[in-house]
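Undergrad: What follows is each chain in one-letter form.
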Amino acid sequence: MTVPTDLDLRFREAAARSGMLDVGYDLVDSPIGPLLVAASDRGLLRISFDPDLEQHLEWLSRIAGRNVLRAPRQVDGVRRELDEYFEGRRHAFDLALDLRGVTPFTERVLMELARIPFGETATYAELAARAGSPKAARAVGMTMNRNRIPIVLPCHRVIGANGSLVGYAGGLERKVALLTLEGVLL
Amino acid sequence: MGTVAIPPFETFYAEHNSEVLGLLRRKVGRDRADDAFQETFLRALRAYDRLDHGEHLRAWVLTIASRVAIDIHRRTKPTAEVPEILHEDTRPAYEDLGELTDGLPAKERAAVVLRYGYDLTYDQIAAALDSSPDAARQAASSGVRRLRKEAQL
Numbered sequence: 001m002t003v004p005t006d007l008d009l010r011f012r013e014a015a016a017r018s019g020m021l022d023v024g025y026d027l028v029d030s031p032i033g034p035l036l037v038a039a040s041d042r043g044l045l046r047i048s049f050d051p052d053l054e055q056h057l058e059w060l061s062r063i064a065g066r067n068v069l070r071a072p073r074q075v076d077g078v079r080r081e082l083d084e085y086f087e088g089r090r091h092a093f094d095l096a097l098d099l100r101g102v103t104p105f106t107e108r109v110l111m112e113l114a115r116i117p118f119g120e121t122a123t124y125a126e127l128a129a130r131a132g133s134p135k136a137a138r139a140v141g142m143t144m145n146r147n148r149i150p151i152v153l154p155c156h157r158v159i160g161a162n163g164s165l166v167g168y169a170g171g172l173e174r175k176v177a178l179l180t181l182e183g184v185l186l
Numbered sequence: 187m188g189t190v191a192i193p194p195f196e197t198f199y200a201e202h203n204s205e206v207l208g209l210l211r212r213k214v215g216r217d218r219a220d221d222a223f224q225e226t227f228l229r230a231l232r233a234y235d236r237l238d239h240g241e242h243l244r245a246w247v248l249t250i251a252s253r254v255a256i257d258i259h260r261r262t263k264p265t266a267e268v269p270e271i272l273h274e275d276t277r278p279a280y281e282d283l284g285e286l287t288d289g290l291p292a293k294e295r296a297a298v299v300l301r302y303g304y305d306l307t308y309d310q311i312a313a314a315l316d317s318s319p320d321a322a323r324q325a326a327s328s329g330v331r332r333l334r335k336e337a338q339l
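First to last, the protein sequences are chains A and B. First residue of the first sequence: 1, per this note's numbering; consecutive thereafter. First residue of the second sequence: 187, per this note's numbering; consecutive thereafter.
Quick caveat, the hints were computed from the structure, so don't treat them as lab data. Be aware that a few hints might be false.
Computed beta-carbon distance windows for the label pairs [what the hints assert, rightly or not]:
1) A:T2 / B:Q324: 20 to 28 Å
2) A:G167 / B:R236: 20 to 28 Å
3) B:R236 / A:P4: 28 to 36 Å
4) A:P51 / B:E336: 17 to 25 Å
5) B:Q324 / A:A139: 18 to 26 Å
6) A:T2 / B:E336: 49 to 57 Å
7) B:G240 / A:E173: 52 to 60 Å
8) B:G240 / A:R100: 48 to 56 Å
9) A:R89 / B:R236: 38 to 46 Å
10) A:A92 / B:Q324: 58 to 66 Å
11) A:G171 / B:A200: 41 to 49 Å
12) B:D238 / A:M111: 51 to 59 Å
13) B:H259 / A:R17: 39 to 47 Å
Computed from a predicted model, the values in this text were never measured in an experiment. We put the CB at the ideal spot given by N, CA and C, even for glycine.
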């Protein structure tokens, strides 16, 4: 016997409302594929293109606590802003972020990253300089590669000095799609 | 020291939800099983971050479910006398838990039910059973071990 869908959803809804979850997550449809989106009561904790749920559950549990549950309500706000972004109606995200566990360097870089506006790009070296570590372009590259909250923290807007796209943890075709959506690429 | 890691709640829930629903349907009927199901897993969620190991999670959640079923029966029979639960050799309020704990010696049975069904501390259980907290802990853990062995047959 399996639990009927409506009963299952009712519990997940009640759990999210109870305030007892450490993390609620859901899969959110997008034009660049399904996104795993996870949020704590502090804010958005993770966006991932990778469907390996088990690995995410372990990570989320380790970083934020074991009360991790698929709970659509917990990410409703993020889902709405992502939908608006992909429909071209939103150019800036207005979401609290949960960056617990990142190093001070990473946090500095990510905060500078967040300032790159919709439709614009910066190079790795420029971003390093803005974060106060002009020689750290390579480390900035690593930070982009490990970005826990892609799209919202727009690592797709960071490119090579010669204009090449370089790489993207979610796959280069997604970087192209996002930059196309923003009008950077045709 | 527990050796079994406690899984994320999602994993625990997915593993046990259908069995819990089956138990509740048998105990309180289809109509009331949905509310009982939600109540069971909300109680489990409330206690989940206090667990210190991942063993016996099945026995734990089924005991919570049984406890919820008892509460529902009590609520729907407001005139029924609430049975005394604090004597070790009688068959008290948790009689309905027979399905799960019937085979246990009285003291272990009480310790298991009070610990996992009522969520009492070992101090409280010791008070209920008129023994020491250590003895209560031992009774509960040997009861759960026994249940686990039965479940694996």
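Undergrad: Compare the structure with each hint and give your call.
TA: Quick rundown of the hints versus the structure:
Distance hint check: the CB atoms of T2 (chain A) and Q324 (chain B) are about 38 Å apart, inconsistent with the given range 20 to 28 Å. Checked against the hint of 20 to 28 Å, the pair G167 (chain A) and R236 (chain B) fails, with Cβ atoms roughly 44 Å apart. Range check, R236 (chain B) to P4 (chain A): about 30 Å between beta-carbon atoms, so the 28 to 36 Å window is met. For P51 (chain A) paired with E336 (chain B), a C-beta distance near 38 Å fails the hint of 17 to 25 Å.
Taking 18 to 26 Å as the suggested C-beta distance range, the pair Q324 (chain B) and A139 (chain A) does not conform, at roughly 55 Å. The hinted window of 49 to 57 Å between T2 (chain A) and E336 (chain B) is violated, with their beta carbons roughly 25 Å apart. For the pair G240 (chain B) and E173 (chain A), the beta carbons lie near 40 Å from each other, so the given range of 52 to 60 Å is not met. Distance hint check for G240 (chain B) and R100 (chain A): the Cβ-Cβ separation is about 24 Å, which falls outside the suggested range of 48 to 56 Å.
At roughly 44 Å, the beta carbons of R89 (chain A) and R236 (chain B) sit within the given window of 38 to 46 Å. At roughly 60 Å, the beta-carbon separation of A92 (chain A) and Q324 (chain B) lies within the given 58 to 66 Å, and the hint holds. The supplied range of 41 to 49 Å is broken by G171 (chain A) and A200 (chain B), whose beta-carbon atoms lie about 29 Å from each other. In this structure, D238 (chain B) and M111 (chain A) break the distance hint of 51 to 59 Å, their C-beta atoms being roughly 38 Å apart.
The hint said 39 to 47 Å for the Cβ distance between H259 (chain B) and R17 (chain A), and at roughly 27 Å that hint is violated.
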